[in-house]
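Put the two chains together into one complex, using the hints given.
Now for the letters of each chain:
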Amino acid sequence: NAGVTQTPKFRVLKTGQSMTLLCAQDMNHEYMYWYRQDPGMGLRLIHYSVGEGTTAKGEVPDGYNVSRLKKQNFLLGLESAAPSQTSVYFCASIDRDKGPNSPLHFGNGTRLTVT
Amino acid sequence: AQSVTQLGSHVSVSEGALVLLRCNYSSSVPPYLFWYVQYPNQGLQLLLKYTSAATLVKGINGFEAEFKKSETSFHLTKPSAHMSDAAEYFCAVSALANQAGTALIFGKGTTLSVSS
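So the protein lines, in turn, are chains X and A.
Heads up, the final residue of the first sequence is numbered 115 in our numbering, and it's a clean run with no missing numbers.
Heads up, the final residue of the second sequence is numbered 1116 in our numbering, and it's a clean run with no missing numbers.
If we strip away everything but chain A, and leave its shape as in the complex, we get (with noise of 0.2 Å):
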C-alpha cells in the first residue's frame, strides 16, 4: 500500500531564507508523487508533479523538488522564501499507478509560515 509521510507539521523561515519541506513515500510500484499549496480558505493546487522523465522537478512560484529513489524521498525546496509563500502544502502519492479509478493519498500537511 502507498503512504506519505510528511515530517514536520510546521516550518518557519524568514524571507529570503530557503524553503525546505520534507515527504517520504513509501510505494510498492513506481509512484507518481505531487505537491500540492492550499492557500487559506481555498481548495488545493497543484505545485508539481515526478513523472518519471526528470528527477529534479520545477513547479510554480519558483519552487522544485527532487525525487530520490534510494532514499524515497520527495522534498520541496525553494531557494529564496517570499512572504506570499506562506500557506499549507501536501504531499501526495497515487495510489495504484495505472489502475482505473486511482485517488491520491495525502500527507498530514505542512503548514509553512514567512516572517519578515
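The following block holds chain X by itself, in its conformation from the complex (with noise of 0.2 Å):
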C-alpha cells in the first residue's frame, strides 16, 4: 500500500516557466489537499478537492491552478514560476467517511526551488 505519492521529488525550474505536480492516492480517498510549507510558516492550504471533478481555493492560491480529473490524482500547476514559490510542497489526502477528525495523510513532499 504506497499511500501518497508525490513525483517529481525535487525540480529547479527558471523564472516564467511551467511545470505540473503529481499526487497519486491509492486509498480511495475522496478529498485531497495541497499545502506549501515555508521555514517558519508552516504549512498553508493551496487548493483542495472534495471529489472527483471538484476543486476550491485555498488560504494561498494565486499563481497555481489544480485538477482533479481522477479521483487517486490531484495535480498542481504552476503557469508562469516566480521565485516566490520556491517551497516544498505536500499533498495529502483524507477519509472524510470516517468523520471529521479523521487524520490526514500526507506526501513525502516536492522540493521546488525557482530561480
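Derived from the structure by calculation, the hints contain no laboratory data.
Careful, some of the hints might be misleading.
List time: in silico DSSO-like cross-link candidates among lysine-lysine, alpha-carbon distance up to 27 Å [as the list claims (entries may be wrong)]:
1) Lys70(X) to Lys1068(A)
2) Lys1069(A) to Lys98(X)
3) Lys1049(A) to Lys57(X)
4) Lys1068(A) to Lys1108(A)
5) Lys1108(A) to Lys9(X)
Here the structure is a predicted model, which means the values were calculated and not measured.
Written out as C-alpha cells, the structure is:
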C-alpha cells in the first residue's frame, strides 16, 4: 500500500517556466489537499478537492491551478513560476467517511526551487 | 475562523528531560485538534488527535496532550525526551468541523532539539 505518492521529489525551474506536480493516492479517499511549507510559516493550504471533478481555493491559491480528473490523482500546476513559489509542496488526502477528525495522510513532498 | 498558535518556534531539551510543546487554538465551534510530527525530508505523521471522548489523549512514541477548554490549549508533552524525538512538531485544528471539504489549519511549527 503506497499511500500518497508525489512526483517529482525535486525540481528546479527558471522564472516564467511552467510545471505540474502530481499527487496520487491509492486509498480511495475523496478529499485531497495541496499545501506549501515555508520556514517559519507552517503549512498553508493552496487548493483542495472534495471529489472527482471538483476543486476549491485555499488560503494561498494565487499563481496555482489544480485539477482532479480522476479520484486518485490531484494535480497542481504552476503556469508561470516565480521565485516566491520556491517552497516544499505537500499533498495530503483524507477519508472523510471516517468522520471530521480523520487524520490526513501526507506524501513526502516536492522540493521546488525557482531561480 | 479557526486558528492555531504555537508558542516557541524552537525548544531545546536534554535527553531524559520533560518535553512540553505549547499550542493554543481559536475556534467558534467545538474543535478537532491534532499534533503532527515531521522528520527531516519527510511528510507529516499523525502523533495524536483530540476527539472529545477524553481530554487527555495518548499518542505514539510516548507523547500525550491534554485538551483544556478553559485555556483553549492543547499542549503536547512527553515525560522523558529521547534523541529520536528531534523533529518539527505541528499543532493543527480542523476548520469548520462537520463540514464538507474541511481542511486542517496548521500552526507555524516548533522545532524540538534534544541534546545528550
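Taking the hints in turn, this is what the structure says about them:
1. Lys70(X) to Lys1068(A): Answer violated: Lys70(X) to Lys1068(A) is near 41 Å, above 27 Å.
2. Lys1069(A) to Lys98(X): Within the cut-off at roughly 24 Å; holds.
3. Lys1049(A) to Lys57(X): holds (26 Å)
4. Lys1068(A) to Lys1108(A): Answer holds: Lys1068(A) to Lys1108(A) is near 21 Å, not above 27 Å.
5. Lys1108(A) to Lys9(X): The hint holds at about 23 Å.
Of the numbered hints listed earlier, the single one contradicted by the structure is hint 1.
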